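Undergrad: The lines below spell out each chain.
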Amino acid sequence: MIRLVRRERASRKLAVAAPLLALFAAILSNLILFVAMGKDPAAVFYALLLEPFLTWSGFSEVLLKTGPLLLIAQGLAIGFRAKVFNIGAEGQFILGAIFASAIPVYFLQATGGWIWPAMLVMGGVGGALWAVVPAFWRVRLNANEILVTLMMSLIAVQLLNYLLLGPWKDPMGFNFPQSVMFQYDAMIPILLPGTRVNVSLLLALVAAFIAWIYMQRSFGGYQLLVGGLAPEAATYAGFSQSRAIWLSLLIGGFAAGLAGAAEVAGPIGQLQRSISTGYGYAAIIVAYLGGLHPVGIVASSLLMAALYIGGDNAMVSADLPVAAVRVFQGSLLVCYLAAITFVRYRLVRTKGATS
Amino acid sequence: MSGIEFILAGMLAAATPFLLAALGELVVERAGVLNLGLEGMMALGAAIGFIVVYEGGGHVAAFGAAGLAGVGLALVFGALAIGLQANQVAVGLAVGILGQGLSSLVGNSYESLTITGLPKLAFPVLSDLPVVGGLFTQDIIVWLSLIGTALIWAMFRYSRLGLILRAIGENPTAARAIGYRVTLLRLWAVVFGGAMAGFAGAYAATVYTPLWADGMIAGRGWIALALVVFGTWLTGRIFFGACLFGAVSLASLVAQTEGWPVPSQLLSSLPYIVAIVVLGIITSNKRLLKINGVASLGEPFGP
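Sequences listed follow chains W and F, in order. So the number in my numbering is just where the residue sits in the first sequence, counting from 1, plus 1429. So the number in my numbering is just where the residue sits in the second sequence, counting from 1, plus 6.
Careful, some of the hints might be misleading.
Cut-off 27 Å, straight-line C-alpha distance, at most; resulting in silico cross-link-like pairs (DSSO-like, lysine-lysine) [claimed, not checked]:
1) LYS1442/W - LYS1512/W
2) LYS1512/W - LYS126/F
3) LYS1512/W - LYS296/F
I should point out that these hints are in silico values taken from the structure, not numbers from a laboratory. Treat the numbers as computed from the prediction; the structure is a model and nothing was measured.
Based on the sequences and whatever the hints tell you, model everything.
TA: What follows is the structure in structure tokens.
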């Protein structure tokens, strides 16, 4: 008989090793799956996991995708540590993109250096506003934020479709569901010359640093943590639970909205249907894989971004369907959640014990 | 056919995917476990079910295979959330993402293909009634789902199994102390929930709209999760909730064909808007939740 026994203190070594173990297990199980599908495992492995890092142009695309994932995941992780489960970052991202696009859509002739910063602010505000509904529902109506944030995402997709097929459709766009191309001043300046990486990556890194200060070094972050770990102790200490819920959801919404704005004002340059390739959901995996720790999330967002780019490569070179990347992402989180159990528990063999 | 007749005739079929998934989740949550992976389990069931019918296996095999696919994912969920006592919210999300990924992977080469559904069986006499007659002309799965609903209602109401399930959800420590194998029973509940989610997906893709499109479950798993809360963990109320959502999703079709001056996107988001509003109304009544809720819901339980 094998039983799980709680460790006296959580194993630090395992906490660091868990994501690596999970990555290894996920690679192994997925390669088996790909072989079963009749793909060449070596070609898939090379395209998915090595190629993104081998060329500068490939790696710069990884950096480009790291920005939004890092930003969203930092925001979500703050909430997750406070046990506020915002899984609607996808919708908050879309609202951020919509709010940011309002400036170039209505003021296409405007020029000046203020435009892209204003778009970023608009985006953050849009994302945070979309998170107001679940926050209000949870605090005042006692409704589970998991369900409400998710439904808000499904509504956001419809809102985006409505704008792109209706009032915001580019009149010169051959009836495609997309807005006008934004003017030059609506684009975030390029950070690394010769690539598409723009200043928003710096912004994401600054956000990671702020998240680190807030969660690891400030009293406000401490209050959130206690609220998540021991709600009764937090109430006893006078830490307001409503405040924690509002903060978690607004921070998460703002960060996701910012990422959405940076996407339309960056690599895409217009509002269109495919502004998000599941960033909001992938960021949930990024947050957990980074151990909900601001530093860990920097590493896990880079890994997840590489998986996106590698998935595109594998589609071309190894004939792997795009969906395979989603399977990989899902199994990565499953493996990670299995691995972190052993940070807090150890397996013990017992003789003849009944469970 | 008037709008009302159309909605009455189609309501039960539209409700069935919600109903099957929510009934499975009801049993899971009554046992104290929160399975957020419903959407992914439905998606995989839908893909597998569709493929089996398309390849000539027939509907019986399709529902069997879809149920097994749901059980497979449920076992992954159970191993982590019950076996390893991992965070149920995180594991549910992980299994959901995995299920949705697997569904689009296996369904990749079947995109936009169609099959034939199941014939409608009329209930004699009643189906000839004016206006409500359509209500009594349904396919076999709808009839079976109605019987299943009654069985689950009776199980919780009258049987020993229902009592045991409620006991392990209400107070697992006490249930174990009087000799029930909480871990094993919870695992069985999760397996049942997975099978039901698989059936729900299979119904959506092989009977209700007999076609495969990536993402066709479109949030129905999440609405089923909300339905369990709306129904305050009571079978009868969950059934009426499922009918309400069936009617709401048809109402948007009626509005489109009648040419109401409302954007179609607003109509498509109507089920989600209704879900958010109803959820707020029900959960703001804390007394209602306290009386009917499950005390240990979502909390890991171990030795």
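Undergrad: Compare the structure with each hint and give your call.
TA: Consistency of the hints with the structure:
Proximity of LYS1442/W to LYS1512/W is assessed by CA-CA distance (about 24 Å); at most 27 Å being required, the pair is judged to hold. The hinted pair formed by LYS1512/W and LYS126/F fails the criterion: a straight-line CA distance of about 47 Å is larger than 27 Å. A threshold of 27 Å between alpha carbons decides the hint, and for LYS1512/W with LYS296/F the separation of about 21 Å falls inside it, so the pair holds.
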